[in-house]
Amino acid sequence: MSYSRFILALAVAVCGCRRTAPIAAQEVGAGLKTSETRQFSGRHRYGALSAVFLPGSNQAISSGVDEVARVWDINTGGERAHFSGTRFRFQDIALSPDGATALTPAPDATLHYWKVATGEEIRRFEGAKAIMGTVALSANGRLAAGAGQDTVIHLWEVASGKHLRQFPITAAVIRLVFHPDSQTIHSVEANGRVCSWRIDQQGPPGCAAATSEPVSQAAFSQDRQSVLIGSRFGSLILWDLRMRAEVRKLAGIEGDIVALAISASGEAALSGGSDKSVRIWNLKTGSQVGRTVGTGSYISCVAFSNDATLALFGSDRGAITLWRPR
Amino acid sequence: MPLTSESVQISASVGFDGVNRRADVFTIQQLINSRVPIPREPLQTDGTGYKQAGIFAISQILKQNMAMHIPDGRVDPGVINLRLPIPLKPLTANGRCEQATIFAIREIQWRSMGMRMPDGRVDPGGATFRFLTGTPTTSAHRVPVKGSIQIAWGAMVSASFKTKAIKIAANLGVDPDFLMSAMAFETAETFSPSVRNKKSSATGLIQFMPSTAAALGTTTQKLAHMSDVDQLDYVESYFKPHTNKLKTIEDVYMAILWPKAIGKPNSFVLFNTPQQYQPNSGLDANHDGKVTKEEAAAKVKEKLIKGKSEGFCG
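Residue numbers (the numbering used here), protein chains in the order written: chain A, 6 to 331; chain B, -11 to 302.
Hints were generated in silico from the structure; no laboratory data involved.
The list that follows gives simulated cross-link-like pairs (lysine-lysine, DSS-like), each with its CA atoms no further than 30 angstroms apart:
1. K187(B) to K287(B)
2. K228(B) to K167(A)
3. K235(B) to K278(B)
4. K254(A) to K252(B)
5. K152(B) to K296(B)
6. K134(A) to K155(B)
7. K134(A) to K152(B)
One-sided excerpt, in silico: chain B residues whose CB lies under 10 angstroms from chain A:
8. R184
9. K186
10. K187
11. S189
12. P198
13. S199
14. A202
15. A203
16. L204
17. T208
18. A212
19. H213
20. S225
21. Y226
22. T231
23. W246
Given the structure is predicted, the values throughout are model-derived calculations rather than measurements. Every residue, glycine too, gets a C-beta built ideally from N, C-alpha and C.
Using the sequences provided together with the hints, build the complete structure.
Shown next as structure tokens:
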């Protein structure tokens, strides 16, 4: 079987999440024609939770409820390595810009900072009282943040593992990122509140209510100028973080939005949800420009490549699928 | 000797998406066969339902399939026994979970247990298992233990489930009656960890949405495969952000349905846009095109009243 070759600048994209990072152009032979999908040759029992393209390589990593993190070869769809243990069951992942280290939440309300190549733990961050569903690494690599069910955003120093401070919030945090200046944290809460926190100040954050619907997922653009917010009712809202105003409403889906990702350029987005479909959206116009259907009852995670030519998605049945949407 | 939960156990789930260990499947097939109606001649469909033969047939169905010890021989509109069991053929007890076994489980869940969304699966200690072993209907199960705390729906769940639910309610600062009634509503009174809405994929004790499961580091698939007692940990984790904020049954239900309405007056409008209203139009009691907090929680309040009544409270 011959695979066509193409140049692909890989970005970081996370299942159920966002996050892109600067990456070197990489030649990757995914061998997929437009609109084609290829299911990887293995699955996470009881469902996939997250996945990410590893920058600067032809690999991706995924995690599932089976407490296994699998490293995939994008070219062949085969598994290159896997790490198992409770801490490898994570629903979010923040990678360092070079993709060598990862920050992930664990079921025991801790965060783990580890080497992607070996799975070796570098540091553990403790202090939260409930499971954290979202994590973030600052661009300068000095700070780690996590938040979730204990209605607190926790901040740690990466080098020492010291818990620096916490920010009280009003609801569970759905998504959390650092601003590129490493001095601000942006958060989206389950009650529709979008906030920006200055980590060197004690004052109240700048917050605004983006939606009245229960928020189910959110994805921030790489430049942190906007955030795409999905709800349990299937609506999608593009929100401007600087203006604290709605940019536009997208058509959305019928059902629960479970996974979102924004491309590095900020022009395209991926959504996945309980309608079993993965959709690609043009954020400039708000229109849907592509769609494919996954296996299982719902799409549990989606990820975007840097140039939006490749997408990765997982389902509640545990299959990980590569898709070339355009 | 009748099969009961004391004399029969299964180690893991049986049926659709179950673990389906051979010995467990064999046990469930035997339990189903013990409940399969005795084949009978079809009644004459002549409209003379008052005749002794017709009354006797209904009584037999109620007795054999609904564990009704003194069948009244009557089918009332709107009540559970209207879902008359069809005469299932006895299963071949071979320990293999084939379509016939799953079909039989679904039939029993739908027609005899009144499940709105039968999942075709029997979980250890779950509602279907308790039904098959006759546990929920035995008077011993419903007799309150002297000195123990009585809670709504306490008689319909296992002692370990009840104990854990009370502890979780205390941790969250919630009335355990409210928590139990919300779960009774969400599971159609089955308290099954695997009860699932096919359209939304919402699953389990509080109908976890896929995105909710993801935020808690799991999937609805996994939730459906755990025991009811284990799933309570996820119920607690879900409610944790609302600790000490849920003082009314309306607020407890809002934590599941529409968290933004917690602490708001009961007249607060939840759904008024077409996208929100359409799937929830059944809750609109006064048909004014809006669903208020009070209207949305009305059916949960009904569960609270029922759960505190004799036979359900325990």
